Amino acid sequence: MRMSPASLPRRAAAEFIGTAALVAVVVGSGIRADTLSQDTGVRLLANASASALGLGLLIALIGPLSGAHFNPVVTLSDWWSRRPENGGREAIAYIGAQLAGAVAGALLAEAMFGRAPGAWATEPRAEPHLLLGEAVATAGLVLVVQGLRHIGRPGLAPVAVAGYIGAAIWFTSSGSFANPAATVGRSLSDSFTGIAPASVPAFAAAQLLGMLGGLVLAGVLYGTDRASGEPNAVEARRTG
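Under the numbering used here, the first residue of the sequence shown carries the number 1, and numbering increases by one thereafter.
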């Protein structure tokens, strides 16, 4: 049975809850990975697996409500490609909810593992090669989201988006945060998935550049026709 369209406050609440849950999965699995092994490969495998599985489930559950963006670059790229009459108001509400949700999710993960919430991360991630990797990761995410919409396969979003993020955690030098909101949240966890606050602006800039690159690639491959204004589960995101 098809759900009736949710109101904007309800959609924003869905984005808050979904982003909080996603960041809790990413940060929590990183904290757990730190306790399992000192081998970087083992920790990365644990974090990537949990992140991909959690993301796929959240997209499937929340996609019918808000589109399951969980990510400002997904929201902004969706606004750019559709630009509905209420798109600006919706985008602002979504991004605010995502940022608040990411902070809440990181603090929740820290509290679940008995750690003092709000400790800043100490891992610097501003080297040029990491920023290049982050731009590539974000461009690929935007291309997947836009591509699924253009080919009319939104039902594949839970598998395709989660699968891409799981792969990108491995094949990009940055670990594929690909999400400015999650990046802010991860700055509040001094763990395997953390990022020092001083590196957040550069990471966010790389993600925005990657978003533009993904939109350009989607335009080259699929053209620039405006997509439907209906939210759907294609409009989903990581990372974490």
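The hints are simulated quantities; they were obtained by calculation from the structure and are not laboratory data. Since this is a predicted model, take the numbers as computed values, not measurements. Ideal Cβ placement from N, Cα and C applies to all residues, glycine included. You may find that some hints are simply not true.
Label-pair ranges, simulated between beta-carbon atoms [unchecked claim]: (1) GLY118 with GLY155: 26 to 34 Å; (2) TRP120 with GLY163: 39 to 47 Å; (3) TYR222 with PRO128: 43 to 51 Å; (4) GLY118 with LEU221: 37 to 45 Å; (5) ALA111 with SER49: 19 to 27 Å; (6) LEU208 with LEU57: 40 to 48 Å; (7) MET112 with TYR222: 37 to 45 Å; (8) GLY114 with THR224: 18 to 26 Å; (9) GLY223 with THR122: 20 to 28 Å; (10) PRO124 with ARG89: 21 to 29 Å; (11) ILE151 with THR40: 17 to 25 Å; (12) SER37 with LEU8: 23 to 31 Å; (13) GLY155 with LEU221: 26 to 34 Å.
Status of each hint after checking the structure:
no., hint, verdict
1, GLY118 with GLY155: 26 to 34 Å, "violated (39 Å)"
2, TRP120 with GLY163: 39 to 47 Å, "violated (32 Å)"
3, TYR222 with PRO128: 43 to 51 Å, "violated (31 Å)"
4, GLY118 with LEU221: 37 to 45 Å, "holds (43 Å)"
5, ALA111 with SER49: 19 to 27 Å, "holds (23 Å)"
6, LEU208 with LEU57: 40 to 48 Å, "violated (27 Å)"
7, MET112 with TYR222: 37 to 45 Å, "holds (41 Å)"
8, GLY114 with THR224: 18 to 26 Å, "violated (51 Å)"
9, GLY223 with THR122: 20 to 28 Å, "violated (45 Å)"
10, PRO124 with ARG89: 21 to 29 Å, "violated (37 Å)"
11, ILE151 with THR40: 17 to 25 Å, "violated (37 Å)"
12, SER37 with LEU8: 23 to 31 Å, "violated (44 Å)"
13, GLY155 with LEU221: 26 to 34 Å, "violated (20 Å)"
Consistency with the previously given hints fails for numbers 1, 2, 3, 6, 8, 9, 10, 11, 12, 13, ordered from lowest to highest.
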